[in-house]
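Novice: Residue numbers (the numbering used here), protein chains in the order written: chain A, 794 to 1214; chain B, 794 to 1214; chain C, 794 to 1214; chain D, 794 to 1214.
Read the hints as simulated data drawn from the structure, not as lab findings.
Where hints are given, some of them may not hold.
Since copy identity is lost for identical chains, a pair holds within one copy or between any two.
Derived pair list, reagent style BS3-like, types lysine-lysine, alpha-carbon separation capped at 30 angstroms [unchecked claim]:
#1 K915 x K894
#2 K915 x K945
#3 K851 x K819
Number of protein chains: 4
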Amino acid sequence: MNTFETYESEVRGYCRNFPAVFATAKGAWMTDTTGRRYLDFFSGAGVLNYGHNPDKIKQALLAYLMRDGITHTLDMYSEAKEAFIRRFQDVILQPRGLSYKLQFPGPTGTNAVEAALKLARKVTGRDQVVSFTNAFHGMTLGSLAVTGNGFKRAGAGVSLNHTASVPFDGYLGSEVDTLDYFEAMLVDNGSGMELPAAVIVETVQAEGGVNVAGTAWLRRLREITARHGIVLIVDDIQVGCGRTGHFFSFEEAGIVPDIVTLSKSLSGYGLPLALVLIKPELDQWTPGEHNGTFRGHCPAFVTATAALGFWTNTLLQDAVTSKGDMAVEQLMRMVKAQGLDATVRGRGLIQGVAFSEPGLASAISQACFERGLVIETAGIDDQVLKLLPSLTIKEDELQHGLDIIETSLRAALSRDLRKAA
Amino acid sequence: MNTFETYESEVRGYCRNFPAVFATAKGAWMTDTTGRRYLDFFSGAGVLNYGHNPDKIKQALLAYLMRDGITHTLDMYSEAKEAFIRRFQDVILQPRGLSYKLQFPGPTGTNAVEAALKLARKVTGRDQVVSFTNAFHGMTLGSLAVTGNGFKRAGAGVSLNHTASVPFDGYLGSEVDTLDYFEAMLVDNGSGMELPAAVIVETVQAEGGVNVAGTAWLRRLREITARHGIVLIVDDIQVGCGRTGHFFSFEEAGIVPDIVTLSKSLSGYGLPLALVLIKPELDQWTPGEHNGTFRGHCPAFVTATAALGFWTNTLLQDAVTSKGDMAVEQLMRMVKAQGLDATVRGRGLIQGVAFSEPGLASAISQACFERGLVIETAGIDDQVLKLLPSLTIKEDELQHGLDIIETSLRAALSRDLRKAA
Amino acid sequence: MNTFETYESEVRGYCRNFPAVFATAKGAWMTDTTGRRYLDFFSGAGVLNYGHNPDKIKQALLAYLMRDGITHTLDMYSEAKEAFIRRFQDVILQPRGLSYKLQFPGPTGTNAVEAALKLARKVTGRDQVVSFTNAFHGMTLGSLAVTGNGFKRAGAGVSLNHTASVPFDGYLGSEVDTLDYFEAMLVDNGSGMELPAAVIVETVQAEGGVNVAGTAWLRRLREITARHGIVLIVDDIQVGCGRTGHFFSFEEAGIVPDIVTLSKSLSGYGLPLALVLIKPELDQWTPGEHNGTFRGHCPAFVTATAALGFWTNTLLQDAVTSKGDMAVEQLMRMVKAQGLDATVRGRGLIQGVAFSEPGLASAISQACFERGLVIETAGIDDQVLKLLPSLTIKEDELQHGLDIIETSLRAALSRDLRKAA
Amino acid sequence: MNTFETYESEVRGYCRNFPAVFATAKGAWMTDTTGRRYLDFFSGAGVLNYGHNPDKIKQALLAYLMRDGITHTLDMYSEAKEAFIRRFQDVILQPRGLSYKLQFPGPTGTNAVEAALKLARKVTGRDQVVSFTNAFHGMTLGSLAVTGNGFKRAGAGVSLNHTASVPFDGYLGSEVDTLDYFEAMLVDNGSGMELPAAVIVETVQAEGGVNVAGTAWLRRLREITARHGIVLIVDDIQVGCGRTGHFFSFEEAGIVPDIVTLSKSLSGYGLPLALVLIKPELDQWTPGEHNGTFRGHCPAFVTATAALGFWTNTLLQDAVTSKGDMAVEQLMRMVKAQGLDATVRGRGLIQGVAFSEPGLASAISQACFERGLVIETAGIDDQVLKLLPSLTIKEDELQHGLDIIETSLRAALSRDLRKAA
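Next up, chain A with everything else stripped away, as it sits in the complex (with noise of 0.2 angstroms):
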């Protein structure tokens, strides 16, 4: 680890809560150069739903790149990226009746967020983007002028405009339904709210600390944003690809968003990709308006063509929902068992327990990673503890890693009995 702390950035950060260097990789199981093994329930923050290193997709891709398929085009036209839109198409958009066109930026989340809020200022003439308390959409300015986080913010060294942040689901309190809030600020003149020119939200807060909205709610927030010509971006990077049971998160909501960014899982072998989604009427893009260099990244195209396969039946979608149910049904016994206020709450294979005590989920997650865990926290204090198991986990080893939380739990607990004593 020396060569890190002697050459590499401070700005490094999960090296220093999971201090391993790791070597190699497959499905849930991650190796350092010790041969020490870990079960990973953080899937590389969202990108690995299909696991690590999946045998079909790995195949795929070697056979691309030993035939010396072209790796990178920018955005001409290549076979794989053509392969891919076939795919895409068939598997995903036209079973669910959708009809998006297909926007590649470049191949990281905040690439695509970028693009979705310069398309929809450009659509609506409007320059004003409303996002949620606690919503992370990405680091380069445009992104983290909609991200919530006042530490990330701040890194930008200059203000960040064009922007406002109104309540999420469940903001204040249970009773409070704080789209009042938000359709009051709209509808009045003299509200110091402009007419935004779109809406981005996250269906599920993963770096948040996993808040969920409620489907009412996101379809109350589809009818008044399509009521008042406002675009609704929702940002399915982290819980898309599956992550929540559906392919899209919003699917369960029954709502069709104008446009939707998909990043991290969608080459299922952790390259880097990502996605703009448009509706038709929207694409209203002068050619090269937007570009990025690696928006051709075709050995991508290759794996997220493979990763396809997983959604032509519906039963990675059904073991998600089974998983999740499982993992749901433990940690709130493990909760209640210990006397704790604390809540679980999440959707299908994100699941988050928010702690009340300060400080409790980082104890826990550390703990894990003496056990052989990799589990990461969320939320503005770090008070969540965030599971985020690869979609394609075993049972078994979700158990185990259900097992090894339980047990961080208590000695994290009595960790902090012998601090208090």
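Position chains B, C and D against the provided structure of chain A, taking the given hints into account.
Specialist: Below, chains B, C and D without anything else, positioned relative to chain A:
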């Protein structure tokens, strides 16, 4: 191509100029799905300095994938990243007496630029950044604000602030040292130009029209920024990694920037990867202050490490110089032979022919494509034919391409004549 | 009126509602060039709290002019300013136990607001300012950014930044304490609302529709801002100088703002004058950091000094209360008598009748004007009839005006009926 | 002065350089509370072009006040405003063939500038405004953003955006036409300078150091802005109303701006008044889109109307020219006599002496004050002694002031020598 026209967004650009569906590629050659071969003088906009799918790098990549090397790690430690850091230290930084810290942002150029701008603003506590006329630094809001292209800027849909654009070297004619202007504004507290946090510069503006900054100008810029406590950022994304001869494009001028951004050819194989080099005293990041999902893209670390094999001796650097000279000589000859009002400019293997006749460069590019050569235009009015062959191109391949250019130039001119007649 | 229509800009507004050419005025009455007299329930939008051309003030002004008292001094010392400062100290600040420093900005309200915002930002080193829905603080860019009115904001032609608008007291209905929302956003570092430099508030939003902040709400706002180190600015430009009874509108709530802005009735005679009151510890201006040509308008100092004669005892304050009660009682009676869905609200001699029927307030205002009463509407949809008589109006004059309102209300309603028929 | 030091804000400035308490004033003379008289070469920063309390204007003002002419009308019609509009039409606009519409904003210069900028942005639909190095346009955020002074700009506490500062005439030396630079940036869509809504310019930068724009430069600026559809705003607040000879400072160049701002000496008596002149086709305001409480300050209309009496013939204009020549001649002689490296520059009765020796102008100003002459400095480093006597000053008074300057210059130099010794 029907697939693309039906389902892909209107934003696509290059494919309109180079209408082929590419399937495989090797060295300096690309092959489309019909089996037609194209010589590549474009190199994926500077991503493919070592040619398509170079075998040594390919073998390293395949080996890594086959043994299930971990693919995606965010900023956790990995064997692949460690190997890259050590190799970069040994082959690039140490021999040049440079002591930069390494930050791995999201794997696209604009991510690196955004990180650099944030850090400069943080370190100085100032918010303005000075960039140059016809600069190109990326499409996300922070990078776009330091990009000169009015069409791209308008795409932002919001005003782009906290920046000032000043004339690049040669912008006001050869007799005017544009730094006189910059310095006059800087030292005058009544100028309306605030002391900037940073100046960001490309030593050769590639997208902007192959505009070359002179070494004296670069040295003076370094001197002015140093004297005023301004962070000097060299964006070496397109012309670094050997494009001008040396690994870094600023080496010839003998200057040491405070921050350097790299991407494009860094991975050596077309895989997304970016790097920010930071003088140790400026590495004032708080852990996690800037992040990005794909900042631990291990296959790209593997190929980038292998690519550094090109830099253990000066063979490549010398070849760039000699092939660059060969190109310049013939381009100048062609221009002269046709009695054209055109300028040949560039450094190493980025060369541009700036035509005064509107539309001519585009017509030549199109004529070249018809003859099996991929070559793009640059400059705000596409007035510059831009040669960007791989650095490893063979001399006979280079000659073949130059011959196609000459034929195409004649064809474009005669087409012009026919139109005029 | 031909002169105005031919030569004056289309921007003119009030003259369209009150189409008379005014020539002279005295007390509560205005006379036009044809000799027609109008009772004034508008008071120049709050400038004429002591009526038109009150004799005592007039004599002081004439005497000063006749003896060639200096007229204009910028911020050089003058006898006239000295007299005002001493008198303001003796009559206003000292008796109330207030120790504000006095800044004389340019003589308009928006100048005072801009100075206040600048200072709050300087002192805190933060840039965001929180304002309230339906706030009105002025038309220059800094003040406009904290003004709620969407039509006025759009007039800026640029995006208005560094501000956030939050709900004023009562905005979400009587059961919701809107400060719950503000405080929730404030304490949550993930809310997307940055810790603001300042909160700016009117205790009664005059232009915004005669919205009254409750004393408990104001106290809580003071408590929250104090706890978080946020500068509390009370903009008392329209409802200070006795409009609500006390000299300062915030006295009733028993709070002490950090900065207070005054203008409008400060000079007591319609002469432009503005004042910023600053807690001594916040008076961190560098000499000349904010200036303005007409900040030493001596005739206005003279009249302002004379006007303070109204504040050496509580006669005026008591009269405001009793006349306010008289107006409220009769307005409520009228509303009830007509069975209207309308609310009477206000404090002291700013009273509004908010009608739910669109257009009714404007129709009444027009009917009043036809009957010789000048009275304006307020609120984003002009839904509020706004009574703003001079504080010195005689009871029979007040009664006369109320009678005209009643007649006009009936006329407007019957006109409505006719239209409906 | 104790009153001021105890109770007034630290922001006060001029009083620190001219520490006297002024009581009365007449013509070119001010008298303090001790009876000491001062000759005035400052004229309230350009407000008192006709001297202090000129009798003819005074009589009109007194008559108006005595007969209870209405004082304050917002933008309702008034007899006083009508008279002013007619007189301005007859005496100023019609004889010059100008057809401007008149907008009365709030009565300070910065209000006029903010209105002009808003309108230019509205009419063009663009948001950038170009201003010049060392420009001064006011202290509210919109005006401050087009002001060059870095100290004043920093006072904003927020970043000042939507503007670009380009070099004023002569900024880069006498051989460089700075409009070459502006035009190069303007026509190049890759320059990073967006097509601006407006250019705002002072024909003589008064605060900025008495920098004079040449007539050829102004004509070219008019031609460039016309050709590109850019609104040309001449801010004639300080050097209009006859300061340079003609009523408008731009008459000599023979250009017609699209918008003109006036204030300062417009009322002719030191009373706050401002005016925006707008070409009829640009008068696209919606009623009430920009407003301001004191935009109907009738006593100022009365004095402004009376002041126009100075413009019914060319006597004043001719006198300004001859007195200006007299000042220039003697100032040049003084400079030469002392062998100083100094430049005399200006037009009409705004003249500056720019000294290369730091601190000298301030030392002279101080020495003058000790000798009974009020004269200020200008320029970012207070390097310019700025003569701004009233236009109506008598020749012997002017001579007296010039004599004091000469004595003070010698005194300041010998003080310098003593310090050096």
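Novice: Each of the hints needs a verdict: does it hold here or not?
Specialist: Quick rundown of the hints versus the structure:
1. K915 x K894: Within one copy only: 17 angstroms inside a chain, 35 angstroms across chains, cut-off 30 angstroms.
2. K915 x K945: both (27 angstroms within a copy, 12 angstroms between copies)
3. K851 x K819: Classified as both: same-chain Cα gap 11 angstroms, cross-chain 22 angstroms, threshold 30 angstroms.
In terms of the numbered hints stated before, the structure departs from none.
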